[in-house]
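Peer 1: Each chain, written out:
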Amino acid sequence: MKWRCVLMRRWLPDYPDGELSPFWRRRLEAHLRVCPDCRAELAELREVVRTWREHPLPEPEPGFWEAFDRELHLKLAQVNQRTPEPEPRRPRLPYLLGASALAVLLLFVSYLANFQLPGQTPRLAEAPKPAAPAASVPQPQLAREAPASAPAPARGEGRFGAAGADQVQTVSLEPAPDTGPVPEQVIYVGLNDGLWAGDVPSWDVEAVMADLSPQERQALLKNLSSRR
Amino acid sequence: MTDPHLVARAQQGDLTAFEELVKRYQREIYGLACRLVMDPEEAKDVTQQALLQAFIHIRGFKQQSQFRTWLFRIAINQCYNFLKTRKKYGDPMDTRDMKLVGEDSPEADLAAKQDRERLYQALEKLPPKQRAVITLKLEQGFSYEEISQVLGGTAGAARVNYCQALKTLKKHLKGEDEDEVAVRSNAKVAARLPRR
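Taken in order, these protein sequences are the chains called A and D. Be aware that the first sequence starts at 1, since it is given in this note's numbering, and climbs by one per residue. Be aware that the second sequence starts at 1001, since it is given in this note's numbering, and climbs by one per residue.
One chain only, chain A, in its complex shape:
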């Protein structure tokens, strides 16, 4: 058998009415005109196809399909009753494995981040000192909210520690009719501390009060408290 016959016989089952491209159909026709062996092969293949088509499967007996449909209907009905509703889609196993692997990796990385050699232990920054107690918070110069029992700051203590005792005066305000008794107020006079050597702004109440008599001072404080 020539190589050309081997090549052509691969297309013989599709000749003449099979799925054959026009190119191969023309080549096959040309080859069959000159090759008697391939013509005989084609005739034998056609005989096989003819034998097959001459003997189709015989039809089953008349009641076969009725019985078939009845049996199948019963089976389908059973299956239909047992078939559950489709469950919501579960996450797939690879995703679960990937998530667990990622969690393990994160744990390992966090462990490595916390791992430190003994000689390389960095010193932690010192914790900030606790906040000063409320008594040492600088009081406003006119602290009306100070308790009545609060003593006057001693020498060398408080904001006015450097000031002399003669520069601190205790003023007792007149009780207002609606707010009850008003505690005594510690007023820093500050006449000789040098802080007021320069120009005194006109809004400085203490500077203004320094030149006032106690009665005028009380009147001024009363006026200020009534404006607040």
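Keep in mind the hints are simulated off the structure, nothing from the lab. Accuracy of the hints is not assured; some may be wrong.
Said to hold, decoys possible - Simulated coverage check for chain D against chain A, where a stretch passes if three residues somewhere in it have a Cβ under 8 angstroms from a Cβ of chain A:
{"hint": "1", "region": "1033-1044"}
{"hint": "2", "region": "1115-1124"}
{"hint": "3", "region": "1166-1173"}
By construction, the Cβ of each residue, glycine as well, lies at the ideal position given by its N, Cα and C atoms.
Fit chain D to the supplied structure of chain A, relying on the hints for placement.
Peer 2: Same frame as chain A, now just chain D:
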């Protein structure tokens, strides 16, 4: 109503729609099973099993191919499973005992009966895949593309498979069994041997 409409209704659990689909294709499926299994009773069971499997899994059918192709693929897989089980657990079929319903009609002449027996015997010697491809091509009229969708592979592979199946069937119909070929080749070899 077209196949996609019926399939869509069957996917929502409509048993009537699925039975309509079954009535369209059950004869073709049964014919394929008869050719592959070579036993009418077993073919009936295999056909019913294939249709049941199709109903169970029809929700997973995405209609990317024809329903007919999908159904044939299920049927062929069921036939393969049956043949594998039969090969594993014995029970070989003898084609001379295979009597399809209506085959022994009195008007059937003797020559046709002999031809049919010869064809069945030759068919039984074919591998299941070649039996399937020749059945799909000659009986169901599938194209190579459809055969490739049913059996897997490419259209070119289906064409080569069909060509090989025809040649093998021709060889078996002509009685050129492997045994005879072996005897002939041995005779040729023996003739070449020098006589003492």
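Peer 1: Taking the hints in turn, state whether each one holds.
Peer 2: Hint by hint, here is what the structure shows:
no.: 1; hint: 1033-1044; verdict: holds (count 4)
no.: 2; hint: 1115-1124; verdict: holds (count 3)
no.: 3; hint: 1166-1173; verdict: holds (count 5)
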